[in-house]
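Produce the complete structure using the sequences and hints provided.
Residue numbers (this note's numbering), protein chains in the order written: chain A, 1 to 318; chain B, 1 to 677; chain C, 1 to 160.
Bear in mind the hints are in silico, worked out from the structure with no lab data behind them.
Heads up, some of the hints might be wrong.
To give an idea of the chain C side of the interface with chain B (calculated C-beta under 10 Å), a few residues [what the hints assert, rightly or not]:
1) GLU31
2) VAL41
3) SER73
4) PRO102
5) GLU103
Every residue, glycine too, gets a C-beta built ideally from N, C-alpha and C.
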Amino acid sequence: MSAVGYTSVAGQVLVVGGGAPLLTGWMRQIRARLEGRAGAGVLQPWRDLRKLLRKEPITPVGTGPAFRAAPALLVATTVVAAALVPLLSTDTPVRGHADLVLVVALIALGTMALALAGLDTGTAFGGMGASREMTVAALVEPTILLSVFALSIPAGTTNIPAIVSGAVHEPARLTSPAGLLATAALAVAVLAETGRIPVDNPSTHLELTMIHEAMVLEYAGPDLALVELGAQMRLTLLLGLLSSLFVPWGIATSASWTALAVALVLLAAKLCLLGAVLAAAEVFWAKVRLFRVPELIAGSFLLALLAVTASYFLSGAS
Amino acid sequence: MSAIPAALATATGLGGAGALAGVVLPYRLRVPVVGALTAGVGVSGCGAGVAALGGGSWAATFPGVLPLAGTYLAVDALAGLFMAVAGAVVAAVAVYGIGYATGHGAHGLGSRTAQTALPLFALTLVLVPVAASVSTFLVLWELMALASLLLVLAEHAERASVRLAGVWYAVMTHLGLVLLLAGFALFAADAGGESFAALRAGASAVSPTVRGLVFVLTALAFTSKAGAVPLHAWLPRAHPEAPSPVSALMSAAMVNLGIYGLVRTGLDLLGGGPAWWWLGLMAMGGVSAVYGILQAAMTSDLKRLLAYSTSENMGLVLIGVGASGLFAAYGDRLLAALALAAGLLHVVNHAAFKALLFCAAGSVLRATGVRDLDRLGGLRARMPATAGLFAFAALGAVALPPGNGFISEWLLLQSLIHGLQVPGVAVAVVLPLSVALIALSAGIAAAAFVKALGVGFFARPRSEEAAGAKEAPALMLVGMALLGAACAALALVPGLLGDGLDRAVAAVGLPGGGAVSGGALKVRIADLSASLAPLWVVAALTAALMLAIGLPRLYGRRRRRTNARLWDCGGGAPTPRMAYTATSFAEPLQRVFDDVLAPEQDVDVTPVRESAYLVERVRFQRRVPDRIEHRLYEPLLRTIAGTGQAARRLAGGSVHLYLGYGFFGLVVLLLILAVGW
Amino acid sequence: MGLLRKIRDTGRVAEPAPPRPEAEQLPAAREFGGSVQVRCVDAGSCNGCEIEIAAAFNPVYDAERYGARLVASPRHADVALVTGPVTRNMAEPLRRTVAAMPEPRLVVAVGDCAINCGEFSGGYGVEGAVSDVVPVDLQVPGCPPEPGEIVAALRRVTGR
Numbered sequence: 001m002s003a004v005g006y007t008s009v010a011g012q013v014l015v016v017g018g019g020a021p022l023l024t025g026w027m028r029q030i031r032a033r034l035e036g037r038a039g040a041g042v043l044q045p046w047r048d049l050r051k052l053l054r055k056e057p058i059t060p061v062g063t064g065p066a067f068r069a070a071p072a073l074l075v076a077t078t079v080v081a082a083a084l085v086p087l088l089s090t091d092t093p094v095r096g097h098a099d100l101v102l103v104v105a106l107i108a109l110g111t112m113a114l115a116l117a118g119l120d121t122g123t124a125f126g127g128m129g130a131s132r133e134m135t136v137a138a139l140v141e142p143t144i145l146l147s148v149f150a151l152s153i154p155a156g157t158t159n160i161p162a163i164v165s166g167a168v169h170e171p172a173r174l175t176s177p178a179g180l181l182a183t184a185a186l187a188v189a190v191l192a193e194t195g196r197i198p199v200d201n202p203s204t205h206l207e208l209t210m211i212h213e214a215m216v217l218e219y220a221g222p223d224l225a226l227v228e229l230g231a232q233m234r235l236t237l238l239l240g241l242l243s244s245l246f247v248p249w250g251i252a253t254s255a256s257w258t259a260l261a262v263a264l265v266l267l268a269a270k271l272c273l274l275g276a277v278l279a280a281a282e283v284f285w286a287k288v289r290l291f292r293v294p295e296l297i298a299g300s301f302l303l304a305l306l307a308v309t310a311s312y313f314l315s316g317a318s
Numbered sequence: 001m002s003a004i005p006a007a008l009a010t011a012t013g014l015g016g017a018g019a020l021a022g023v024v025l026p027y028r029l030r031v032p033v034v035g036a037l038t039a040g041v042g043v044s045g046c047g048a049g050v051a052a053l054g055g056g057s058w059a060a061t062f063p064g065v066l067p068l069a070g071t072y073l074a075v076d077a078l079a080g081l082f083m084a085v086a087g088a089v090v091a092a093v094a095v096y097g098i099g100y101a102t103g104h105g106a107h108g109l110g111s112r113t114a115q116t117a118l119p120l121f122a123l124t125l126v127l128v129p130v131a132a133s134v135s136t137f138l139v140l141w142e143l144m145a146l147a148s149l150l151l152v153l154a155e156h157a158e159r160a161s162v163r164l165a166g167v168w169y170a171v172m173t174h175l176g177l178v179l180l181l182a183g184f185a186l187f188a189a190d191a192g193g194e195s196f197a198a199l200r201a202g203a204s205a206v207s208p209t210v211r212g213l214v215f216v217l218t219a220l221a222f223t224s225k226a227g228a229v230p231l232h233a234w235l236p237r238a239h240p241e242a243p244s245p246v247s248a249l250m251s252a253a254m255v256n257l258g259i260y261g262l263v264r265t266g267l268d269l270l271g272g273g274p275a276w277w278w279l280g281l282m283a284m285g286g287v288s289a290v291y292g293i294l295q296a297a298m299t300s301d302l303k304r305l306l307a308y309s310t311s312e313n314m315g316l317v318l319i320g321v322g323a324s325g326l327f328a329a330y331g332d333r334l335l336a337a338l339a340l341a342a343g344l345l346h347v348v349n350h351a352a353f354k355a356l357l358f359c360a361a362g363s364v365l366r367a368t369g370v371r372d373l374d375r376l377g378g379l380r381a382r383m384p385a386t387a388g389l390f391a392f393a394a395l396g397a398v399a400l401p402p403g404n405g406f407i408s409e410w411l412l413l414q415s416l417i418h419g420l421q422v423p424g425v426a427v428a429v430v431l432p433l434s435v436a437l438i439a440l441s442a443g444i445a446a447a448a449f450v451k452a453l454g455v456g457f458f459a460r461p462r463s464e465e466a467a468g469a470k471e472a473p474a475l476m477l478v479g480m481a482l483l484g485a486a487c488a489a490l491a492l493v494p495g496l497l498g499d500g501l502d503r504a505v506a507a508v509g510l511p512g513g514g515a516v517s518g519g520a521l522k523v524r525i526a527d528l529s530a531s532l533a534p535l536w537v538v539a540a541l542t543a544a545l546m547l548a549i550g551l552p553r554l555y556g557r558r559r560r561r562t563n564a565r566l567w568d569c570g571g572g573a574p575t576p577r578m579a580y581t582a583t584s585f586a587e588p589l590q591r592v593f594d595d596v597l598a599p600e601q602d603v604d605v606t607p608v609r610e611s612a613y614l615v616e617r618v619r620f621q622r623r624v625p626d627r628i629e630h631r632l633y634e635p636l637l638r639t640i641a642g643t644g645q646a647a648r649r650l651a652g653g654s655v656h657l658y659l660g661y662g663f664f665g666l667v668v669l670l671l672i673l674a675v676g677w
Numbered sequence: 001m002g003l004l005r006k007i008r009d010t011g012r013v014a015e016p017a018p019p020r021p022e023a024e025q026l027p028a029a030r031e032f033g034g035s036v037q038v039r040c041v042d043a044g045s046c047n048g049c050e051i052e053i054a055a056a057f058n059p060v061y062d063a064e065r066y067g068a069r070l071v072a073s074p075r076h077a078d079v080a081l082v083t084g085p086v087t088r089n090m091a092e093p094l095r096r097t098v099a100a101m102p103e104p105r106l107v108v109a110v111g112d113c114a115i116n117c118g119e120f121s122g123g124y125g126v127e128g129a130v131s132d133v134v135p136v137d138l139q140v141p142g143c144p145p146e147p148g149e150i151v152a153a154l155r156r157v158t159g160r
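Right, dumping it as structure tokens:
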């Protein structure tokens, strides 16, 4: 495969890995400005990570290999998923492996690893976080897979580069009712999967309101850096996936350096835009009660189901 | 060609020798000899199956063996697949069973009855797919049921619940036998012959009503054996009470034979049928998948959790088989082949990881004496090999990469997603619902197994029994390692099975699609393709893991890792009692689904004797019952009991009444003869 | 829409940053590089200092812009902001909280009670000042100290 292809894959991993803290900083900055504050600056999450990496690594007595391995596993699954999803280019050496079901499953694997780590601490908060996280993850699965189904109908395959290049050549697919419904369903699923408001508040200090935070209360230093980086990378990756699926213009469909450069710039722009929209929305929303979250997810599930049936009936195949 | 009969004869011989050894030998010799002979049965059965999968076939008739009917035997690729799976599971579990029964005395699994029944059970597991006539099939089926019943009851002297479980199992399996008998008798009568060849040839001559009736009767019996809701009630009772090697055999080899019967009857003998058959199967499969895993997520008994998980996985297989029949009914045979291949691959994967899960659970039970997750914990430090193998098998059970369950689930999803090209409104409605149900069951399965692994094995022990656990003896670990190797092979190189699966699918008349090919999985329908390369995923994950571990080490200050006290919020050492239990872990999920589960809650307040306002003790109890049992079985049992009670009045004791019955019966008979014929 | 109009009309609330504190940056603080996570521990205070700490993180003073952030667990924290005289019940939890923080770590005593027991000095429930229980690196006097002083102390730690 050509050098451009390999560079695209490496570029995707770098954008997601290196750009995730920047995106988080950007989102925090937008929130701060909307709330009338000055904010810490876009580079603050980078400073946080740098400091955490230089701190003392701690292993609490009584935890085991699941606790030790989870941060690295979380980051590893996100890295592989970032290599697969065509954020920059659909013409990469791994395009044959880039199956949407596989990417969804890899993200679920990361969630599971962190939940096991929460249970491995043996503390009440760790178990609580794990229990809530697995409940939300279990309920979000049908929505995600049905959205995958809806997206694969016009393309005829679950291979992401094929879906994306199909959408680039036929934009009408995305503005059809099925496309819009699938966008909405997948957006809610992304919010649930990454633990943002209204499903979970990432900056809460009240343990009884935590879902994701409660699992990581025991991590310190470099482990915490990996956990935070992993969470930020997942957000970046999922926002990138949303933009690839629903706003695919700009993604390089051929192996050329100029196309890649254009794709890089456009990806950064799309991520900034999506991040800004999400941050602004978070100012207006409140976190819902844990036991109201299933209602929210059920609503998104219905949207996804409608997307599939609409896609089937409107595409003329009967 | 001659490999298959030679292997089958070896298996039969070893099985008989094993049964004899179980009866005759004293305890010390009995367990290892019977175990070795049973393993031999498994290996030869597996060999026969692999030979059949490799393209061999065999048929034979023994007119004298069964009186009046004669014995017909035939091996094709479909039978070979199930034989290979059963044989492999038997071989590994037999080795494990030697370690399990050793040192526990001549009762339970080590008793004469159990050790005699074990090789016979193994033999029937291997031979049922070989039967090629109705009577042979039913005789072998009944032998399998009886042998397994004896094994389920092996520990009856230790617990009373074993006897109840045995009763449920006996009744349901024999009910299944009656349904099978009725269905097959109807089929044979109309098709003009009872050998499978005659049934196949005469199926087209049978009227659609009778075909439908035959399918319904046999499907009820086979899905009950497979553990599909609503006829699943024996599964969560029999599996926890049986000794763990027996549970492993039942869950990983016996329930598969229900699927085998279904595929053989529905797709092969009856030659496919109208869409409503397969829609019914898919509905049953979908409900089983979600209900089964929901119950698994609620229960805190480790073996009951695994039993309900079997129900879930069989539900997934039923969705595959049903989709296959549906696509074939609408004419898309290529897609039908893909769906059937997905279902069969899931049978193989499930056998591997479920056998390993049950063996690991048995190892825990033997070491601690406790099945309740709420009282386990901390086992990863005390039983590291068991914990590691359980974790590996659980990865397969939750259908996530790089486990083996993910591959078959992926294939199933692909066949359903591409199924929308098949015309029909029913298809358009059912397929998205099936995908949604599969996804929901996968999500809840992840929660259930995180609970089993996290609460049962991680953190600290919650009881003295768990604190005193020791690692399992070597033979048990060898058996588990064999199953683990099988899981790993299925996860990394499923393509090795590819040609075999194609032949098995072709054996029921569907064209082999070449869906599973060496190394990578490729799905080719029309001119579109999707592919999954498990080896690549594992390699990529390993590389990414190296990256994730290495980079921080490069950047960070080289500080030594310290062991610190657990952060207990400063208030005092956290006791194991403070950790989350399996019940508390499942509570949010239970709340979400409490309309489906209808948990029963009981609060008992005991006031102090002197005053009704001062509380001495409060007792809180919550049960999540099996709602289908509650709604379906209990009224049925009550009606039957009521009818039985009412019928007692018929036997009043008066001789005049009995003479009257005789006279009345005679009069009715004469009337019928005069008027009717 | 009402909220949107309110955001537009309110504009920026944060006051302009006062000049950097003249006192020297702490040596351990150089390791932090402008990012400090703070865990507040109330060792027995009357909550007056808590209100001022909350005010220090509100939009007007906005301590976050200097790189300080409140976190939920001492394992995530670099600085422990301890308020109040250390009561007998809170002595051991305070030691454990500070011990749970990974190195490099700092303890900042906020308020007169934390520095020398203030009003509650000699009380029967009071074990001592914070420095009697854990080593203190920085002190912020006042009863309660102004939010601006708390922010200045945090700026000495972050260096921004």
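Check the structure against each numbered hint from earlier and tell me which ones fail, lowest number first. Nothing - there is no hint that the structure violates, so all of them hold.
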